[in-house]
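Asks: Sequence:
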Amino acid sequence: MLPLIVATAFIGCLLPALLARFGRRVAALGAAGVMAGCLALLAPLVPTVLAGETLVTAYPWLPAYGLDLSFRLDGLGLLFNLLILGIGLLVVLYAYYYLPESDHLGRFYSYLLLFMAAMLGVVLSENLLLLVVFWEITSISSFLLIAYKREHRDSRIAARMALAVTGGGGLALLAGVLLLGYIAGSFEFSTVLAEGERIRGHSLYAPMLILVLLGAFTKSAQFPFHFWLPNAMAAPTPVSAYLHSATMVKAGVFLLARLHPALAGSELWFWLVSGVGATTLVYAAYMAFHRYDFKGLLAYSTISHLGLITLLFGLDTPLSVVAGVFHIINHAIFKASLFMAAGIVDHECGTRDMRRVNGLFKFMPITATLAIVAAGSMAGVPLLNGFLSKEMFFTETVGHPVFEEIRWLLPLFATVAGILAVAYSSRFIHDVFFNGDPIDLPRQPHEPPRWMRAPVEVLVVLCLLVGIFPQWSVAPLLAAAAGATLLAPLPAFELAVWHGFNLPFIMSLVALAGGVTVYALRKPLFALHDRLPSIHAHIAFERLYESLKALACSIVSWLDNRSLQRYLALFIAFVLSLGGWAWFSGPPTLAAAAYQPADSAAFAALATLIVGALGATLLHRHRLTAIVFTSVVGLVVALTFVRFSAPDLALTQLAVEVVTIVLLLLVLHYLPQASPAEDSGLRLTRDAALAVGAGAGLGAAAFAMMTSPFETISGFYLDQSVTGGGGANVVNVILVDFRGFDTLGEITVLAMVGLAAHAMLNRLVLTVPERDIDGRPWATERHPLFLSMLMRPLLPLALAVSIFILLRGHNLPGGGFVAGLVTGVALVLQYLASGIDFAQPRLPRHKTRLLALGLLLAGGTGAASWLFGRPFLTSAHGHFTLPLIGEIELASAMVFDLGVYIVVVTVVLMVLAQLGRLSRHGCPENFGEAA
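Per our numbering, residue 436 is the first one in the sequence shown, and the count goes up by one each step.
Where hints are given, some of them may not hold.
Using C-beta positions, here's what the derived DEER-type ranges look like [to be verified]:
hint	residue 1	residue 2	range
1	G1159	R633	30 to 40 Å
2	L1005	A923	42 to 52 Å
3	L1059	M1195	35 to 45 Å
4	L1059	L1003	19 to 29 Å
5	L1099	G1132	24 to 34 Å
6	V491	A923	43 to 53 Å
7	R633	R978	21 to 31 Å
8	G1015	T1283	41 to 51 Å
9	A1235	V491	29 to 39 Å
10	S982	I1096	45 to 55 Å
11	A987	A1135	15 to 25 Å
12	L1232	A1135	44 to 54 Å
Calculated lysine to any residue pairs in the SDA-like style (CA-CA distance at most 20 Å, straight line) [claimed, not checked]:
hint	residue 1	residue 2
13	K584	A452
14	K1282	T1142
15	K958	S943
16	K797	L818
17	K1282	L1098
18	K958	I874
19	K797	V717
20	K984	G603
21	K984	I592
22	K584	R885
23	K1282	Q1349
24	K958	D728
25	K1282	A1298
26	K1282	A1192
27	K797	E783
28	K984	S537
29	K584	H637
30	K797	I874
31	K1282	L1222
32	K984	D728
33	K584	E783
34	K584	D538
35	K1282	V1184
36	K1282	A1163
37	K1282	L1234
38	K1282	M1195
39	K958	L1098
40	K584	V568
Just so you know, these hints were derived from the structure itself, not from any lab.
The C-beta atom is built at its ideal place from N, Cα and C for all residues, glycine as well.
Please build the complete structure, drawing on both the sequences and the hints.
Replies: Put into structure tokens, the structure is as follows:
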């Protein structure tokens, strides 16, 4: 079920975008259906996990490195799954009414589901590297959600800032995870969490811990990386309610909880985690109290509560961990409801400025009551859920073993934090819903639509249920989640509203009274705050960003003078410098070895290569002649493959040469017949020196490789080709099975090249000048009659030959790549014979879809092996008996080969079609200059 949940979420993120054409309601129903489907898949696993079991599912990923595509569900994962999916459903309903009618919501819901899928991947990952992959997807999807109102500059800046901070933290996390896996000897959580003593005693523990904590702190907006979260309030309120209260910002504290058994228990953990958490708790609470934007107040309060959770994990006692997990639950509930209530106020009033938004209780009493209850929970008022976890926090600060000599310090700090929490909660309640009458509001406030308020009502009811009946409502989930975090027996604790008149209760009373007092003294405190030097981290970040951008632009402007010659000179000079350093600093590379004696064929090939190289060099200004001489090199390489019994490579090389040379010749039609003369002198000397150095270096490297002793692995492929890959053609089996991942990457790059060429050539069809680049009038297309007549029977014959080469490639020379090239040659010749007017109607219209089809066939064939418990791109093969035909052998790699064939043919078609458009419409005047 676990990979199915994640796969359903990722596939489902496309559904709202597809359904948006049918209206807002259908898109919303599609998004809700995906989340409900994930909940339905999760439901059968809940009783087992609540009973204390851990479910792990693993599929082979990179078995040679001990890496599996593995997923894990325990109490902690279950808690976060319920938060992600449960609050996500409420946000889907809320967003339907919150976002404007003009918004079709398809894009928004798709982004939201993408983020949900990534978060599910984070909390369900059993593999650390898999967690990092999903972690980075959360950063990208949150960037898209924050920048949802992309027409607003503030949204774009906030999204960029969030991506820079959380993405940078993700890179640090990747480095830390690599170190952690090295120390523990595995990337699987089941192994890592059991190796706590070994990890903490390792010499790399400190740098690894710092890197991992950087990832957690940036994602959970801990000081000094907190500044991105208040700026992210530029996002629509549904995004704030989902990402910045219940899910994304919880990813950092989830990581602290998940890795607690492995990383906690050291002084470095205690001081780093508790120190950062304590600083964030008080600083953000102070900043929240002084905000005038009520969403900004809630943002800073979120940072403060995340600091509280971080502090609890840093205190590193069993009960503090339980309290941290409990506050994750409570904070997600009351903060999501508060953000939604704040969004309702913003939606109905048109402003978030608390100096103007006053006295709303008489305009929207139901919404006000809901917001007051949620804010009371945030302040820690008795009979609400926030009070219970706050009491556990106060209890842990009393008599903590680290502070035995100054026992009063930690309780005093906690009380001050509680006072500030009550103060900013009181300010939100009083300034928004009381405090006189509204002042010049853009809209007349009133209650929202009934179903827009429903999600807030559900969450507020949960605040009351957990606060009044904790043992009945939340105790089983808390016990399972805390037990999975500790991986040890739970400490003795009691979820009750009343624990007697003790020191933590007194601290709560002092916090309530002190918070109200601080709020009553807000005017002099605001005046004092205004006189303090301001710290604007986001401004500093923007200045740093602009400075880096200016530096990058200056470097690029210095390097980029739009000269291909200069680019090549810099590249070749760098390669020569690096290669020369490696050559002369390493051991001797020229070793004595047995040379194969040269015969007349070898000397003839060498002479042909020399003639081709000299001709291309001396006549390079005459472009047509230079290309003809260049083609000699490819022909000699093909003949060399024939000499060494490599017919597959020879056939492929020959087809590549034909296609590329003919396409180059077609392009030359739109360029001047001769390239401009070069400057003589220093530049010519430099280019000659670089050319000689590059040739000598490449020749020396090739000679060293061919004369050095080596061990061949060809025997393995020869032995395993039939039994392991089901094919006698070893070259093709290597391409589609043993090294199929390389081939998949190569055809993906080829598809990108095809799209780039299509886009570039498409933009060139801008004008229709009367004359070409050399001043000659455009001639009417003339096609040789003989070639046109010859290609009519030859085209179907060539296509039949290409299909034959494709089908036999697994056992005889051939395969998808060379078959695609043969088809490409046939299409190019058909174009030359009959012109684009004949070929265009027969070319597929949606060539980009063909590219997608080819890539999906290749990738889907590889992914299908997972269903049978085999590694990615493992080929399946067998013998089958068909009526009238007899016994045949089939291999799944043939489908992969078909995908390769489709991609190759489509790329040739895309370039050919665009060149035909240029031929028919004429070439832009600046084409030759750009080329």
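Asks: With a cut-off of 20 Å on the C-alpha distance, tell me whether K1282 and A1163 pass.
Replies: violated, 33 Å
Asks: Holds or violated: K984 and G603, Cα atoms, limit 20 Å.
Replies: holds, 17 Å
Asks: Is the distance from the Cβ of L1059 to the Cβ of L1003 consistent with 19 to 29 Å?
Replies: holds, 22 Å
Asks: Does K1282 pair with A1192 here, judged by a C-alpha cut-off of 20 Å?
Replies: holds, 13 Å
Asks: So if I understand the rule, the pair passes when the alpha-carbon distance is 20 Å or less; does K584 with V568 pass?
Replies: Roughly 26 Å separates the two Cα atoms, so the pair is violated.
Asks: Does K984 pair with S537 here, judged by a C-alpha cut-off of 20 Å?
Replies: Judged against 20 Å, a Cα distance of about 36 Å means the pair is violated.
Asks: Measuring from beta carbon to beta carbon, are L1005 and A923 in 42 to 52 Å?
Replies: violated, 59 Å
Asks: Within 20 Å, alpha carbon to alpha carbon, are K797 and V717?
Replies: violated, 34 Å
Asks: Below or equal to 20 Å on CA atoms is what counts here, so check K1282 against V1184.
Replies: holds, 16 Å
Asks: Between K958 and L1098, does the CA-CA distance stay at or below 20 Å?
Replies: Violated: K958 and L1098 sit about 77 Å apart, past 20 Å.
Asks: Given the hint that K1282 pairs with Q1349, test it: the Cα-Cα distance must not exceed 20 Å.
Replies: Within the cut-off at roughly 12 Å; holds.
Asks: In this structure, is the beta-carbon distance linking L1232 and A1135 contained in 44 to 54 Å?
Replies: Given a distance of about 47 Å, which is inside 44 to 54 Å, the answer is holds.
Hint check: violations occur at hints 2, 3, 6, 7, 9, 11, 14, 15, 16, 19, 22, 25, 28, 29, 31, 32, 36, 39, 40; the rest are consistent with the structure.
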